[in-house]
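Construct all of the structure, not just a fragment, from the sequences and the given hints.
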Amino acid sequence: MESRRLLRILATALGTAGLLVSGCTSGTSTKGAPSPGSATPAGLTSYYAQKLSWRECGVPGFQCTTMKAPLDYAKPEGGDIKLAVSRKKATGPGRRIGSLLVNPGGPGGSAIGYLQGYAAIGYPAPVRARYDMVAVDPRGVARSEPVECLTGKQMDAYTQVDQTPDDAAEVDKLEGAFEDFAQGCEKRSGKILPHVSTVEAARDMDILRGLLGDEKLNYVGASYGTFLGATYAGLFPTRTGRIVLDGAMDPSLSSIDMNRDQTAGFETAFQSFAADCVKKQDCPLGTGSTTEAATALKRLFTDLDTKPVPTGESRELGESLATTGVIAAMYDESAWPQLREALGGAKDGDGSGLLSLADSYYEREPNGAYANLMFANAAVNCVDLPPAFRDADAVTQAVPSFEKASPVFGRGFAWAALNCAHWPTKPTGTPHRIHAEGAAPIVVVGTTRDPATPFKWARSLAEQLSSGTLLTYRGDGHTAYGRGSDCIDTAINTYLVEGTPPPAGKECS
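Residue numbers for the sequence shown, in the working numbering: 41 to 549.
It is possible that part of the hints are untrue.
With a straight-line cut-off of 27 Å between C-alpha atoms, the simulated DSSO-like cross-links for lysine-lysine are [claimed, not checked]:
1) K213 x K466
2) K108 x K129
3) K193 x K227
4) K108 x K319
5) K227 x K256
6) K496 x K546
7) K227 x K466
8) K320 x K338
9) K338 x K319
10) K319 x K115
Derived by calculation from the structure, the hints in this document are not laboratory data.
It should be emphasised that the depicted structure is a prediction, and the values quoted were computed from it without experimental measurement.
Next up, the structure:
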């Protein structure tokens, strides 16, 4: 699975925010950060004093603008980066509270796409009534000077490389694919690659907060967006307003530990899917036990590795794309019927269903073009944390622990975590705990069978944050807000509108 260590948005495909696996990052550095109480960080006066020029932007009810931020916060005089911003004003009734920034995750998910496609119409009405809904695409993402790495044809080839290598030749091919990807990013986006860290994106959000006229930042972040929000709180605790971190990451983990935890998370999600599947007559993995279902899925992957099946287009479905398709459906249980049908088709020699799921994961368009999701994902992950593995030997040693975490996905997830080994820029972050002393209450949301951000991460982040409160959703899927639980939605709406966080230990189902 390629660089699937990202937390990503599946709003258009599966209706939820998401995280791509393997290689997720949680590192950060506060080098050059302002003191928590400073009004305007040194050297940044011109950025905080710029004026936003709003305009209508094609989608009814939305306005758009651009803002400038330093390309390098350590040398703010050295040049700018332009960031795209969009908003939808509070609809009323009721007094406007302020702006509410949203971020869907990734890293690499378009916050503006999420705002215009979902949040500004799908968030509960009481929230939309009282807040201007706002999004900024982080640096290097979508409309904000996007990182580019490969052409569409090159990405098609990249996504089909075998990520469960069986011999030295296949290991070399996989390493070569990762190296070519990294070199492509350096060739096309070398100037921005050192400056797409989560710390820099968080500092960009503080400039935007000031430009919006808000004394404090109000924010809802999903998946990787929780790391971005927690990083902001750590940098600017006294400017932190009402913050919701849904599907939380644990910034104290190393890259290898994070990847291994995610591997276990997807195993948990698969077991939940399998338990549901085997109860149905149309389950392509059989109607026996979940263990038998796992064996059947592994057999299907092995068969596709040996003999890919047609899809109705030039690309065949091999093991890598099939695995990606299954992973994509783990983010939301509403995709399980689609996955059953796709698996049945693959068993019968039709790979189109799993290919469609994989394409949604990679944000591949029907014309063969890819969004920059995967490029930005790798760029942020590889600068935020030291790589999980430095070479193939290290992966080989770690494979057994990954397979223990997931007999179905472990081997592939371990090899996918090699993607940052050849990255052209050095990482700037390290694993660390975020306390955000002095911040207002922060609501951390965790789903017990979340595949991409395991529940224990939410519990850990809530414990780290000095003002963190854990809200638990006992269920399936990635993230919880706006996904059908009245209990979760009511608790978060009350916090965002009234400022009252849920009581400690609150659980919903």
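### Message
Going through the numbered hints above, which ones does this structure break? Give me the numbers in ascending order.
### Response
Those not satisfied are hints 4, 5, 10.
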